[in-house]
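One letter stands for each residue in the lines below.
8 protein chains.
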Amino acid sequence: ARIGFGEAIYCAGKSAAQVGAILESDPARSLLLTRLDAAKFDALPTPVRSRLDWDPVSQTAWQGDPAPVAGHSGPRIAIVTAGTSDVPVAREAARTLRFSGHDSTEIVDVGVAGLWRLLDRVEELRRHEVVIVVAGMDAALPSVIGGLVPGVVIAVPTSVGYGVAAGGRAGLDAILASCSPGVTVVNIDNGYGGACAALRVLNAMTRLSKDHSS
Amino acid sequence: ARIGFGEAIYCAGKSAAQVGAILESDPARSLLLTRLDAAKFDALPTPVRSRLDWDPVSQTAWQGDPAPVAGHSGPRIAIVTAGTSDVPVAREAARTLRFSGHDSTEIVDVGVAGLWRLLDRVEELRRHEVVIVVAGMDAALPSVIGGLVPGVVIAVPTSVGYGVAAGGRAGLDAILASCSPGVTVVNIDNGYGGACAALRVLNAMTRLSKDHSS
Amino acid sequence: ARIGFGEAIYCAGKSAAQVGAILESDPARSLLLTRLDAAKFDALPTPVRSRLDWDPVSQTAWQGDPAPVAGHSGPRIAIVTAGTSDVPVAREAARTLRFSGHDSTEIVDVGVAGLWRLLDRVEELRRHEVVIVVAGMDAALPSVIGGLVPGVVIAVPTSVGYGVAAGGRAGLDAILASCSPGVTVVNIDNGYGGACAALRVLNAMTRLSKDHSS
Amino acid sequence: ARIGFGEAIYCAGKSAAQVGAILESDPARSLLLTRLDAAKFDALPTPVRSRLDWDPVSQTAWQGDPAPVAGHSGPRIAIVTAGTSDVPVAREAARTLRFSGHDSTEIVDVGVAGLWRLLDRVEELRRHEVVIVVAGMDAALPSVIGGLVPGVVIAVPTSVGYGVAAGGRAGLDAILASCSPGVTVVNIDNGYGGACAALRVLNAMTRLSKDHSS
Amino acid sequence: ARIGFGEAIYCAGKSAAQVGAILESDPARSLLLTRLDAAKFDALPTPVRSRLDWDPVSQTAWQGDPAPVAGHSGPRIAIVTAGTSDVPVAREAARTLRFSGHDSTEIVDVGVAGLWRLLDRVEELRRHEVVIVVAGMDAALPSVIGGLVPGVVIAVPTSVGYGVAAGGRAGLDAILASCSPGVTVVNIDNGYGGACAALRVLNAMTRLSKDHSS
Amino acid sequence: ARIGFGEAIYCAGKSAAQVGAILESDPARSLLLTRLDAAKFDALPTPVRSRLDWDPVSQTAWQGDPAPVAGHSGPRIAIVTAGTSDVPVAREAARTLRFSGHDSTEIVDVGVAGLWRLLDRVEELRRHEVVIVVAGMDAALPSVIGGLVPGVVIAVPTSVGYGVAAGGRAGLDAILASCSPGVTVVNIDNGYGGACAALRVLNAMTRLSKDHSS
Amino acid sequence: ARIGFGEAIYCAGKSAAQVGAILESDPARSLLLTRLDAAKFDALPTPVRSRLDWDPVSQTAWQGDPAPVAGHSGPRIAIVTAGTSDVPVAREAARTLRFSGHDSTEIVDVGVAGLWRLLDRVEELRRHEVVIVVAGMDAALPSVIGGLVPGVVIAVPTSVGYGVAAGGRAGLDAILASCSPGVTVVNIDNGYGGACAALRVLNAMTRLSKDHSS
Amino acid sequence: ARIGFGEAIYCAGKSAAQVGAILESDPARSLLLTRLDAAKFDALPTPVRSRLDWDPVSQTAWQGDPAPVAGHSGPRIAIVTAGTSDVPVAREAARTLRFSGHDSTEIVDVGVAGLWRLLDRVEELRRHEVVIVVAGMDAALPSVIGGLVPGVVIAVPTSVGYGVAAGGRAGLDAILASCSPGVTVVNIDNGYGGACAALRVLNAMTRLSKDHSS
Ligand SMILES: Nc1ncnc2c1ncn2[C@@H]1O[C@H](COP(=O)(O)O)[C@@H](O)[C@H]1O
Ligand SMILES: Nc1ncnc2c1ncn2[C@@H]1O[C@H](COP(=O)(O)O)[C@@H](O)[C@H]1O
Ligand SMILES: Nc1ncnc2c1ncn2[C@@H]1O[C@H](COP(=O)(O)O)[C@@H](O)[C@H]1O
Ligand SMILES: Nc1ncnc2c1ncn2[C@@H]1O[C@H](COP(=O)(O)O)[C@@H](O)[C@H]1O
Ligand SMILES: [Mg+2]
Ligand SMILES: [Mg+2]
Ligand SMILES: [Mg+2]
Ligand SMILES: [Mg+2]
Ligand SMILES: [Mg+2]
Ligand SMILES: [Mg+2]
Ligand SMILES: [Mg+2]
Ligand SMILES: [Mg+2]
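Residue numbers (the working numbering), protein chains in the order written: chain A, 146 to 359; chain B, 146 to 359; chain C, 146 to 359; chain D, 146 to 359; chain E, 146 to 359; chain F, 146 to 359; chain G, 146 to 359; chain H, 146 to 359.
Please keep in mind that the hints were generated in silico from the structure rather than gathered at the bench.
There's no promise every hint is true.
Unchecked claim - Once the Cα atoms are required to be at most 30 Å apart in a straight line, the calculated DSS-like pairs of lysine-lysine come out as:
#1 E:Lys185 - G:Lys355
#2 E:Lys159 - G:Lys159
#3 E:Lys159 - C:Lys185
#4 D:Lys355 - B:Lys159
#5 E:Lys355 - C:Lys185
#6 F:Lys159 - D:Lys159
As the list claims (entries may be wrong) - Okay, the calculated bits of chain H under chain G, using three or more residues with CB under 8 Å as the criterion:
#7 172 to 184
#8 242 to 251
#9 276 to 286
#10 349 to 358
Where is the CB? At the ideal position from N, CA and C, for every residue including glycine.
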């Protein structure tokens, strides 16, 4: 697209045949695929499938080489999860960033029910310019991190949970209602969107430093 | 009522005339009044009004003497608020307890957006057998306290907030979805109910110790 | 966790492989497993599975010996259900308590549509310091019991029902709106949480009696 | 209307001028007015106002003579409320019945939080062919009565309550989800509708007995 | 139950083994079973299954003989559906009535989109003392019938529909908001409840005529 | 705007000062104002106010001359209401059409609870190419009209009603779920939008006939 | 039906046997079938199936010949989709129109995230008298098209999406709240209804031109 | 707070007396006040009031000097509104930024219903590193801008609107469901939060450039 994000295909609403056709239409093109589950991946024609780097945890894949990782001068991005059930969404974010040429630090299972585990990592967290927080259930973690970290905090609520938490709305609303100023949020389970929000910060930084050096 | 709670009158749905009539019907009776706002209090007949101990913050009053405060042997109760806007609900709980013969410790404005303020009070909190946590907005505080305190944690969500937090449902759901095990909840803004839940714990303790000493 | 509850694994969001890995990492460790359905239990490696005490009704299991049951001096806990369909949630509570060293009395199918069945058990119920009430559909039972029992009443709404009752929200809201003072509630279908709330009461009692005897 | 109910004017959405015009257009016509609050009643032209029998509690009025009350041979109708705040809605039902020529028995403040007060009245209740149950908050009362009374049970949820009960949806859903078979419900605060449902039962009975005697 | 309805078993939340055990515990007892789908019916032990009269459309069954149908002197009951997809719910009502000794007239597919089909049946409908209206989607049919029929109108919304109609809430709310006075409603898809409401009317009529003849 | 609708100002979110400024900036410009209540109208500067044609029922006004009404060759538009409380919304539609040079036929109080009143007008209704149906409460009227009229049917739900009907969502959903094919809907209380939808039909017709005559 | 639409069978709520019976009852009758999925189509008896023109994308079929396509003098209809996942719903609309004798222009994947693709087609779009816009997720496309096209704009929200978009309500509400005047909407996923709304416009045009030529 | 944002007082839940007390407790302290309406501002003691820079549009004020505006080397921030009714929320954001030492560009009334007005400003918008988009009703504007601008896009939904848009949930959900990748959102009407999210981006940039120059 014209704003510089790499091409991404959302596979949840497409048949294996449709996904295969897109991939075959231009085998040399660099493409990110999200929500590609095992059944759909297995149903792809062998030549197409063998060109893909597929990750079962995040259900993402890419065709072609991902962008090379930039050197050590860029901003640091952390991806934090409240529980282990939030890892697939976190990994979707990490893979989207990697496809776009950015590494990230993954910190898992530091939800607020065991606050000491989070407190052990706060100094490490504060060294990152951008923190993506992935949390289901009550999603109290983004509020707490928002009060501890001065940089960009992007929350991704997940649909992990049952009862009033089922579907993720309770967590989403808790984040939006957070008293920690300036925490922003994307759609439930939208690890891809959380990563793109981080990429927008990188876009802004790159642009600004170009302006200044010119 | 037959389960031993003192008589309480919920005034929100009654006219000043109706409240006055109840109070006049038995001037010697010990009664707690909740949701009695200034206008309704002012509209009561002078003799009735002068018999009341009215508190403008919590909009509660009592007629007659409250139960005497038990000595130092009983359980300790803390009432904690996330913000200053949650104080009226917390005070309704404190006044209900006092009417029933129990003091409580009030700790205000220790919401998770300023986590260090809460951490400074954790040891103090852990010394209480029962903690009532009053919180609006995202209501992340009960989850955090539930993970730090081993005793009884009763959460009272409040309607403080706007946007998705308006009305208090977002906070209520966050508490119910909490990962901290065994945190319980009462209705939004129900400080009276939070205090009664604490009184049930006291009832249980009293009964048990009587059984044992008998 | 640092507040003294035994370690519990929520298996709903984990694969059999993940559950197996946790159990194998420390075969001697005492662990409670909840939401472990038959398919996942059967998919565990035989040596792991044979170490487990699994209950098909509640879909709970434990590895290692549960805590020994304390003598007759402690508080009595009752677990009551409105209908037979609420039994799995009630059993999750009972098993959590047993894992933690506490017996409980189970009273089933005393919903308010057949009030006489409940009235026959009221005296028995009142002899318990803590009553956990498990109810789906309209969840009118906790309101009624709350008005009859002076001790702690913890309500667990269930997702049993259809139409407006589907998912359990109708029952949850009815309990929160209850006129019986001091009834508290946990998330829908959260038998584990109801039991933990009871354990917090026991924690508080133990602490208090230690203080007094010291 | 062609189904035999008397003409009723719902005044909430009409100005005093509009209500006055309707009443003046045919001063001899028998009319029931609902949701006519004091301000609107006071704003009516004096000759119109003086022709009305207005009741401030239910905010109903009628012009002309109500139907004469039938003798003792017809079915008995009881109107029961859970709390005193539900009385205005109950009175709207009673006045609608009276306007149509039927008396009713009013039983107030027998909500389930004080079950013994209800149990004292059960035999009396069972002697009525039709019971209209008016209840706010958790609206557990219709479920309990539905299990005790064999005749027609019509529930009218009210908007009395706060937090999750605000607006009356929690109570409405609880009634619909009730395990007591055959309890039916009308819209929140719709005392008029509850009475009309009772009138339909009377219509059916009248028709049937006419058929048989012919 | 003590209010005179026959015993009914709601099978949706029970396993075939549990249903079988109930039936075997007293093979001579007259029992109605609802929500018994083909798979569960087929899984019952052969001797139990052969004692059942099972209807695949309504997924109801009964053990033992239904009550004998009363003669021609009782009230007439019609069961009307808006579309053919509403027939299973209507049949659950018809079977519940038949089990209790009452016939009913079934009128299907007279929804308001084809008003003339309804108008052709109005005179017939008006000859019934009780009309049960079963409707999904927008559930406009009970409003229209409520304006045309003077007797008892009991509406049963169904979950038939998609988009905003999915689950049946849109139809339920439309009925509750109906301008036709005195239409009552039961839970979504609750054909059993609609029939029980009709039985309550019959109970009331029987009682009244007994009183009068005594 | 570039699609040919006249300029319209939505006054609900603007102060009298802001509305006045817009009108004064170009006194010769033809403008429609909606949601201009009496207080705001009265607060306008006298010269501005005197240039306005204000209607208290619909709370609309226009500055300048409305478009001249086209001759008898164009399509006929009817505006129908279920009740008299729906008239303000209907009038907003009628005034929007008149401002744009189109007359319309107003038919009020033909809701489905009194079906015979509607049936008396069906032939008249069918003579109109476009029917705008304005209805609150259960909004069953658009479904019924949609099944009787072959031309364009545009439904405008209103917020008239209480309980489950409060705010208008119940009626909106009922219309969307309607079985009458091809009925379309605009936002609750949006009489302006309903009229604009009719204007789009007129635009289409005008364009087509121009194409053909050219 | 009497308003001139061809007969349509909604197959989602019917078994293959029921659909087969309808088709066999009159093999010569022209019928449209919607929501006929592959499994149900395959389960039809061979002679019936062979008479059908079935389309797997839209899951529609027709028996008999569709109406002949009218010449070039009628209005032009475009069907636009935001994404490729919206195509099945768009195709349901196109097939309904074709069955009724009308061609349509299909324009896919012009959602607002890639605005330039839409802008390239605006002139083409403006040449159509009727535009049906099919969109899921945030459904911003109908708002944008409504501001660019003067003719009839009928929006069909789809259930494409996840998180807050799941089920289609977010998109539906966005369309209803649109600032573009006169955009109308039908139920979520209701391609059939969107086409019928267009047919009503054609009905109105045909009628008007007949009137004028007579 | 410890993350470097200036102190902000949310006045909506505080009395004038409470706000006055906070301001008087340290008259030299730099403070931002939000949601301070005219009545509350006027009720402040004169000396306090005279120290405040109050803005009636945004209902914000500050005590003390705001931070000096940084030179031209920093990132550019634009604040865009869909309509004029969204200006108060936008101004809250602009004032929060100014208090923190940052200017911003305000672009108003470029909602998607008049797309050409937005297109005229796209090049200007793309020159900003951070764009805050404030929109009510359907909130389609953030989706469109998200597809046109590569930098950071922070959406602030507003409660502007009626019917399904009332309260702002429809717009909030539309933004969350947006197909434009990486658009983030804060709570409804939270201009303060939108500005704080921008400040976090600035924090991140400052930190990174310090790291590099060190
Ligand atoms: N603020 C409150 N919130 C909830 N319940 C209350 C409150 N105050 C009193 N109550 C309960 O309401 C009952 C009295 O209701 P009433 O008879 O209507 O005055 C008391 O017995 C209490 O159980
Ligand atoms: N289809 C049904 N819908 C609602 N309630 C039902 C239904 N079938 C049976 N019941 C009620 O559920 C009760 C039995 O519940 P259970 O003891 O769980 O089988 C019966 O006494 C009936 O009142
Ligand atoms: N996909 C569809 N969505 C909504 N309504 C439909 C659809 N297909 C057919 N219909 C309507 O449903 C009616 C047929 O319903 P039925 O008699 O149940 O087959 C038709 O007359 C159409 O008006
Ligand atoms: N308009 C606002 N919306 C949301 N949060 C705010 C707003 N204004 C101030 N705050 C936050 O609320 C906190 C102050 O709350 P309080 O201590 O209750 O005044 C500040 O630190 C801000 O983070
Ligand atoms: Mg964990
Ligand atoms: Mg604070
Ligand atoms: Mg039972
Ligand atoms: Mg009472
Ligand atoms: Mg049909
Ligand atoms: Mg009328
Ligand atoms: Mg695309
Ligand atoms: Mg504008």
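- Task: Apply the coverage criterion to the stretch 276 to 286 of chain H and chain G: a residue qualifies when its Cβ sits closer than 8 Å to a Cβ of the chain, and three qualifying residues are needed.
- Result: holds (count 4)
- Item | Hint consistency between Lys185 of chain E and Lys355 of chain G [alpha-carbon to alpha-carbon, up to 30 Å] | violated, 61 Å
- Message: Can you confirm whether the C-alpha distance between Lys355 of chain E and Lys185 of chain C stays at or below 30 Å?
- Response: Violated, because 60 Å separates the two Cα atoms, which is more than 30 Å.
- Message: Run the distance test for Lys159 of chain F versus Lys159 of chain D: straight-line Cα separation, threshold 30 Å.
- Response: Given that 30 Å is the threshold and the Cα spacing comes to 27 Å, the pair holds.
- Test coverage of the stretch 349 to 358 of chain H by chain G using CB-CB distances below 8 Å; three residues minimum. violated (count 0)
- Message: Just to be careful, I want the Cα atoms of Lys355 of chain D and Lys159 of chain B compared with a cutoff of 30 Å; is the pair within it?
- Response: violated, 46 Å
- Task: Closer than 8 Å, Cβ to Cβ, for at least three residues: run that test on the stretch 242 to 251 of chain H against chain G and report holds or violated.
- Result: Our answer is that it is violated, as 0 residues pass the Cβ test (under 8 Å) against chain G, missing three.
- Message: Can you confirm whether chain G covers the stretch 172 to 184 of chain H, using C-beta to C-beta distances below 8 Å and requiring at least three such residues?
- Response: violated (count 0)
- Query: Is it true that the CA of Lys159 of chain E sits at most 30 Å from the CA of Lys159 of chain G?
  - Reply: holds, 27 Å
- Is it true that the CA of Lys159 of chain E sits at most 30 Å from the CA of Lys185 of chain C? holds, 21 Å
Taken one by one, the earlier hints fail for this structure at numbers 1, 4, 5, 7, 8 and 10, listed in ascending order.
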